[in-house]
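2 protein chains.
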Amino acid sequence: MQELRERILREGKVIGNDILKVDSFINYQVDPVLMSHIGKEFAEYFKDKGITKIITIESSGIAPALMTASEMNLPLVIMKKQPARELNEKNFITQVTSFTSRKQYDLCLSADVISEDDHVLIIDDFLADGEALTGAIRLVRMAHATVAGIGILIEKTYLPGHEKVYSHGFDVYSLVKIKEMDELQITFIDQ
Amino acid sequence: MQELRERILREGKVIGNDILKVDSFINYQVDPVLMSHIGKEFAEYFKDKGITKIITIESSGIAPALMTASEMNLPLVIMKKQPARELNEKNFITQVTSFTSRKQYDLCLSADVISEDDHVLIIDDFLADGEALTGAIRLVRMAHATVAGIGILIEKTYLPGHEKVYSHGFDVYSLVKIKEMDELQITFIDQ
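Residue numbers (our numbering), protein chains in the order written: chain L, 1 to 191; chain U, 1 to 191.
Please keep in mind that the hints were generated in silico from the structure rather than gathered at the bench.
It should be emphasised that the depicted structure is a prediction, and the values quoted were computed from it without experimental measurement.
Mixed in with the good hints there might be a few duds.
As the list makes no split between identical chains, a pair holds if one copy fits it or if it spans any two.
Derived pair list, reagent style DSSO-like, types lysine-lysine, alpha-carbon separation capped at 27 Å [unchecked claim]:
#1 LYS21 to LYS80
#2 LYS81 to LYS13
#3 LYS103 to LYS40
#4 LYS47 to LYS103
#5 LYS80 to LYS179
#6 LYS90 to LYS13
#7 LYS81 to LYS103
#8 LYS21 to LYS90
#9 LYS47 to LYS21
#10 LYS21 to LYS81
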């Protein structure tokens, strides 16, 4: 997606070789026009896949996932990060380690908002080591629902998440793929 | 807002006298059509107030705030909840106690995405004891920006947040106001 790539080149900040900060248009500040275009792009790509629900992980995935849900006229389900002491027996829970902070947290999907008939499209902002995304996939499977597609804004193809997710045959659509990056240059894979 | 009131009556669950669970259309699951109508409603009410940015608190405020930002064609800024060890000197931080869990957390506004010229509209899902909202107001003031309006989906007028916020003369628009509730009945204030 040319628009997202240009925005990353103009406003993104690379820290070391792994962290790409996109605080001005995705994380701390969100550009609703860009999010609307992203929603249309995912809706177009996944329109014939029989999707029944959009699922995302709080909180940076919510904006693009909501715009996709709005475009496809489907409900949005949010998986929550929460400490173990708030566990509820009706929820599906799995443990995930954050790529950015290295902290462990419990990712939670409410059993009330998913059924085994659902074909879900998982939307998230980044695919890096794949911890959050594989956690989300585990939760969808615990609910006996089907992962019908995965939409990612920015994929770093040189980190382990790429292999983890593609090797399982999922239908992944990443709007922008980064092959390598450092503080001087970001190299994209042409799509 | 009649649509939101009807939805609360149909799908909301009251626990005790204080907690209203709206998991099926606002929190765990989000209805994008309802959120779009909420965005239009806030945009119409605040259209002549000189708003420059929409601000919300992660994560349940993000969906209605994004739709408002989209409708008003303004950037959305997200205040993040994070533990103290991730503090960054360039961020504004204040401490808040969660109404639902009673846990304390640090609420954080990135200094990079707000300026003293900003007139912000703060959007959040609930106004209960006002802890999160008054924390958000403190952060906007630390940045020397102006709180030009406050948009709330569901206000519980019998809890302390109402008095805290209205007594300071803010322009508050609550889509639905609840005067009292228990597990048998929810009484709204007619608007």
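For this session: Go through the copies and call it for LYS81 and LYS13: within, between, both or neither, with a Cα cutoff of 27 Å.
Result: both (26 Å within a copy, 22 Å between copies)
Exercise. Between copies, within a copy, both or neither: which fits LYS80 and LYS179 at Cα up to 27 Å?
Worked result: Result: close neither inside a copy nor across copies, 30 Å intra and 30 Å inter.
Exercise. Between the shortest in-copy and the shortest cross-copy C-alpha distance, which are at most 27 Å for LYS21 and LYS80: within, between, both, or neither?
Worked result: both (22 Å within a copy, 15 Å between copies)
For this session: Evaluate LYS47 and LYS21 at a C-alpha cut-off of 27 Å and name the case that applies: within, between, both or neither.
Result: Neither. Shortest intra-copy (30 Å) and inter-copy (32 Å) distances fail the 27 Å Cα cut-off.
For this session: With 27 Å as the alpha-carbon cut-off, assign the pair LYS21 and LYS90 to within, between, both or neither.
Result: between (36 Å within a copy, 15 Å between copies)
Exercise. For LYS81 vs LYS103, is the C-alpha pair at or below 27 Å within one copy, between two copies, both, or neither?
Worked result: Cα proximity of LYS81 and LYS103: in one copy and across copies (12 Å, 15 Å).
For this session: Classify it for me, LYS90 with LYS13: is the Cα-Cα distance of at most 27 Å met within a copy, between copies, both or neither?
Result: Classified as between; 15 Å across copies, 41 Å inside a copy.
Exercise. Are the CA atoms of LYS103 and LYS40 at most 27 Å apart within a copy, between copies, both, or neither?
Worked result: Neither, since 33 Å and 38 Å both go past 27 Å.
Exercise. Checking LYS21 and LYS81: alpha-carbon separation at most 27 Å within a copy, between copies, both or neither?
Worked result: For LYS21 and LYS81, the Cα distance is within 27 Å both inside one copy (21 Å) and across copies (18 Å).
For this session: Tell me, please, which holds for LYS47 and LYS103 at an alpha-carbon limit of 27 Å: within, between, both or neither?
Result: neither (36 Å within a copy, 42 Å between copies)
Hints 3, 4, 5 and 9 from the earlier list are contradicted by this structure; the remaining hints agree with it.
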